[in-house]
Amino acid sequence: MSRFRLLLLGLGVLLALSCAISLGFGAAQVPLERVLAILGQHLFGIVPEAAVSLGQDSIVWQLRAPRVLLGALVGAGLALVGTALQAVTRNPLADPHLLGVSSGAAFGAVVVVLYLGEFAGLLSLPLAAFAGALASMLLVLAIASRSGRLESDRLLLAGVAVSFVMMAASNLLLYLGNPHAASSVLFWMLGGLGLACWELLWLPALCLALALAVLLGLGRALNALMAGEQSAVSLGLEPRRVRLLVFVVASLLTGVLVSLSGAIGFVGLMLPHVARFLVGAEHRRVLPVAALLGALFLVWVDVAARTWLAPQDLPIGIVTAAIGGVFFVALLRRR
Amino acid sequence: MPRLRIRELAWSPDGQRPLLDGIDLEVGDGELLGLIGPNGSGKTSLLRCAYRFQRPSAGSVELDGEALWQCSPRWSAQRMAVVLQEFPQDFGLRVEEVAAMGRTPHKGLFDGDDAEDRRLVDEALARVGLGGLAQQPFARLSGGEKQRALLARALVQQPQLLILDEPTNHLDPRYQLELLRQIKALGLATLASFHDLNLAAAFCDRLCVLDQGRLVAAGTPAEVLSAELLQQVFGVQALVDTHPLAGYPRITWIV
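Listed in order, the protein sequences are those of chains P and G. 1 is the number of the first residue of the first sequence in the UniProt record's numbering; add one for each residue after it. 1 is the number of the first residue of the second sequence in the UniProt record's numbering; add one for each residue after it.
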């Protein structure tokens, strides 16, 4: 087996173990053998030898398991999107939130919390966030693709511009609205996996699988785009089409993820670099590695977020941003 | 039939004042055609029209007798490879991976790399003398090695026509000569722009001279390179005689 396959397998096993172990951490600690007993019962129908309390069962299986899985999906998705965006924009600092998707989603969430209320039950916040994400993505694409062209510089600038306008709008609504609502929106804007539930997991899982398939199929094209616009054309590609496809995939996946977890920064910026450090920049290799690393990273960061201020739940975006900032300082000093 | 035929080509960036006008040229099999002209004369624009990056505003570009713009970019990339002054950004691609990009137009969406692909990459790298550096990061190569790695990528593309934009820029004399010898030895139909007129005279079978977007002379180096033409196009005085060892024209600038 090649070293690359071994690495993938190793990361996969590590991720599965991490998911299982992390279930024990949180405001109420659950010992590992209990966690395993609960998992065995739900996944394989093994009746545990010692009785497990109903409370522990519902904490581990109903609350934490979907949360850990959502964390893994969000981490994988953001890292994947970051890797692809850095290639098509040829900008090592590109990240999923740069396209204005996150601030659009935040605006949608603010409108729901302040004005609409729970119009669709549990789904209302994610739905509104997704609508906001989609709207701002279309706006960014429309602004950037004037006269039928789609250039990466224009796209990044359009993303930044739309982001600021959306953020201003959300902040204005929050400022005018009641202070109680503001704090509940704030938690969501800082990112958190608290909304996770079994019923909503299929959606990010499906989107992640589709995005991974599309991006892996575009692997060669992403390599070629990294070499420059003219080289890509000379290799038989149509850079604009590839770029448009990547942006649409990236925006949709980010929109779905952000609508469930809020804006979690730095994962999409940082993990692609770590993945490239491990396996180089060849996209058919770096994409799956980045996804696995992102999942692994976010699962453990969420453990930190659950335990540091327990029983308080620390917004996960604060932890990722802190780690990301330190990571970049370290990177700068090493060069 | 010529590999590449350009007829009555015109191109303008804004649809008004043409930067290229009335260009006619042909490149046949095994022929190295050099494109020379002062800065801003339109060499790079003409090459861009030839490799399908810029659509000409008038006239036609034909590759193997087919109108280039009627065919897909993939089709043309299967027949024509390009070496540019554009290096991949430092995302950490290895030399081997840069060369393997040349397989892009021959592969479908989910095709992996097979033994044939790896053989082509190894052969191309060996051919340009980079066999030993295949696993090195591309960014760590010297300028000459980078240019050779990009030539290897072009070879991996298995083209019938090669287009080169000032391939010897920024290279030391030794690497300039080495690279051009390698290109010449390929025996492919080749269209290349040159900055250094003596190199162009030494290696090209024919030369085309561009001045302000128009073709002002074409022919063998001996026919084209005259003191009058150099004065008229480049605005400098030069002494043109014959290279004492090889027989092609030699240009000595009078300063």
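In case anyone wonders, no lab produced these hints; they're calculated from the structure. Treat the hints with caution; some may be incorrect.
Unchecked claim - A partial selection of chain P residues facing chain G, derived with a Cβ cut-off under 7 Å:
(1) 29
(2) 31
(3) 217
(4) 224
(5) 278
(6) 281
Stated by the list, open to error - Pairwise CB distance ranges (calculated):
(7) P:205 <-> G:160: 56 to 62 Å
(8) P:330 <-> G:246: 29 to 35 Å
(9) G:60 <-> P:214: 46 to 52 Å
Unchecked claim - These stretches of chain G come out as covered by chain P in the derived footprint (C-beta under 8 Å, 3 or more residues):
(10) 51-64
(11) 69-79
(12) 101-111
Ideal placement from N, C-alpha and C gives every residue a C-beta, glycine not left out.
Checked hints:
1. 29: Result: violated, 41 Å to nearest chain G Cβ.
2. 31: Violated. Min distance 43 Å.
3. 217: holds (4 Å)
4. 224: holds (5 Å)
5. 278: violated (10 Å)
6. 281: holds (4 Å)
7. P:205 <-> G:160: 56 to 62 Å: violated (47 Å)
8. P:330 <-> G:246: 29 to 35 Å: violated (57 Å)
9. G:60 <-> P:214: 46 to 52 Å: Once the Cβ atoms are compared, 36 Å apart, the range 46 to 52 Å for residue 214 (chain P) and residue 60 (chain G) is violated.
10. 51-64: holds (count 3)
11. 69-79: holds (count 7)
12. 101-111: That given contact holds, which follows from 8 residues of the segment 101-111 of chain G lying within Cβ reach (below 8 Å) of chain P.
Of the numbered hints given earlier, the model fails hints 1, 2, 5, 7, 8 and 9; all others are met.
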